[in-house]
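This is what each chain is made of:
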Amino acid sequence: MARLPSLLRYAVVLTGDRELGQDVVQEVLARAQLKWRRISEADSPEAYVRRMVLNEYLSWRRSWAVRNVHAVGERLADLDDQRRGVQDHADSVVEADALWNRLATLGRKQRAVLVLRYYEQLDDNQIADLLGCTPATVRSHASRALKTLRLSPEFRTRIHAQEKS
Amino acid sequence: MTDHEEQLREAFGTRENDTPDPAAVYARVQELSQTYKRRRRGAQFAGGAVLGAGLIVGAFQAPALFTNPSAGNDSTIVAPAAAPSPSGPSDKALAAVKAARQSAADRPRLDAYFAAGYDYDDAVKLAQAWKIKHGEDLTAVKAKAGQELLDGKKLPVQLSAAEKAQAKEDAALNAFFNAGYDYDAAKKLAQIWKLDDPSDAKVAAGKKLLAGEELPVKATPVEQQSEQEAKQVDAFFAGGYSMDDAAELAGIWKLPTPYDAKVAGGEKLLAGQALPIDPQ
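In the order they appear, the protein sequences are chains A and B.
If you're matching positions, the first sequence starts at 1 in this note's numbering and goes up one per residue.
If you're matching positions, the second sequence starts at 1001 in this note's numbering and goes up one per residue.
Hints may contain errors.
[Unchecked claim] Taking lysine to aspartate or glutamate and the EDC-like style, the derived pairs with C-alpha atoms no more than 20 Å apart in a straight line are:
id, chain 1, residue 1, chain 2, residue 2
1, A, K147, B, D1196
2, A, K147, B, D1234
3, B, K1231, A, D129
4, A, K109, B, D1196
5, B, K1254, A, D124
6, A, K109, B, D1234
7, B, K1231, A, D43
8, A, K109, B, E1163
[To be verified] Short derived list, chain A residues pointing at chain B, Cβ under 10 Å:
id, residue
9, L4
10, V12
11, A32
12, R51
13, M52
14, L58
15, N125
16, G132
17, C133
[Claimed, not checked] Derived DEER-like restraints, expressed as beta-carbon distance ranges:
id, chain 1, residue 1, chain 2, residue 2, range
18, A, E41, B, A1165, 43 to 53 Å
19, B, I1132, A, S44, 28 to 38 Å
20, A, Q121, B, K1133, 33 to 43 Å
Simulated from the structure, these hints should not be mistaken for laboratory data.
All C-beta atoms, glycine included, are put in the ideal place defined by N, C-alpha and C.
Based on the sequences and whatever the hints tell you, model everything.
Here's what the structure looks like:
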């Protein structure tokens, strides 16, 4: 059993863009219809379709859309940086929003690793299986992504140290 | 839960419900599927029912989604699993061996391509520059480009200085993690090398590994094993086999998990041996 609303939520979080998420899901479901017999024989048709959504996102050919999202994300992330200087106590909603914008600056695989780890709650071996790489490469993507997002442990330690000094 | 886990989940939560209208998606899927069906001449899609109304409001179940899919299916799209043949491997099984070995041969070329900093979008540009017609899969273009790089040739698509620098850092990080090192190792190395930031230690260590130097901290052997396994798993999928095939092979070979079957199957394919079932 699969659910379209759940699939759309996953696609929006994965792609970081409502329209791109919609395009990806539409493309995948249209193709899924043509090979539904095979999909329905899978242990979990829903997992199969989710894997198709992931693959579609990673190989999305209309890259202008992703670039566009990426560029907008960078601009918004810059704005967040400027705002951070004047906000002493940003509330968690604003911070989550800022982090969402910063996520748009990541490469597709790095973003996918974070979504699969923290949204889909898969372990590194499962993610490696989905992405066709080693668990070590998954950790490498995650490490770079967290560093870019300034969420890596070392960055946070430095920030705290700077705040204390 | 760590800080960053919580922060990321909150960030994902800010937009996860900002989804498109399922009814609009449903309508577009119908349009697209009609287009695909027209494109696939001879691929007679059975029945007229497609995504049901249940999908829009919530659940869809496979039988309700597509009616009678067994009638008139295109065998190139839906191929039934073949039984083991008593007269030797089938053409499909032999083609799987060829595809797996080709993929293994392409692997160093693809590694060279990505390690240089090129990506999917560059492959699209390269295909245009070389006037190669390509479909969805640009693997052959990337492999050709990777081989040119290995031969010391320049590609018609150039990277910026920043992209090259990023590629070097990425390559060092990959070398660090692929050798089996982790964050704890980076912290130890940062201490030994008197670096403030373990991230810098990861990059510095990766560069040393790429230069063939040894590190003062040992890597865990499990990770080195997983790299070999990853090649075998890659070969399994490159042969066209799926997760379901792995489950079937695990049963045939009496292996504890489908993952073990992927590893064993990949090993056999790389050794030029056909598997007892065809890819589905």
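Taking the hints in turn, this is what the structure says about them:
1. A:K147 - B:D1196: holds, 15 Å
2. A:K147 - B:D1234: violated, 28 Å
3. B:K1231 - A:D129: Since the Cα atoms of K1231 of chain B and D129 of chain A sit roughly 12 Å apart, the hinted pair holds (cutoff 20 Å).
4. A:K109 - B:D1196: Not OK: K109 of chain A and D1196 of chain B at ~28 Å, beyond 20 Å, violated.
5. B:K1254 - A:D124: violated, 26 Å
6. A:K109 - B:D1234: holds, 17 Å
7. B:K1231 - A:D43: violated, 24 Å
8. A:K109 - B:E1163: The given pair, whose Cα atoms are some 16 Å apart, holds under the 20 Å limit.
9. L4: At about 5 Å, which falls below the 10 Å cut-off, the nearest Cβ of chain B leaves the hint on L4 of chain A intact, so it holds.
10. V12: It holds, given that the least Cβ distance between V12 of chain A and chain B is near 5 Å, below 10 Å.
11. A32: Given a least distance of 9 Å, the restraint on A32 of chain A holds.
12. R51: holds, 9 Å
13. M52: Since the shortest Cβ distance to chain B is 12 Å, the answer is violated.
14. L58: holds, 8 Å
15. N125: Nearest chain B Cβ about 8 Å off; hint holds.
16. G132: holds, 6 Å
17. C133: holds, 7 Å
18. A:E41 - B:A1165: 43 to 53 Å: holds, 48 Å
19. B:I1132 - A:S44: 28 to 38 Å: holds, 37 Å
20. A:Q121 - B:K1133: 33 to 43 Å: holds, 41 Å
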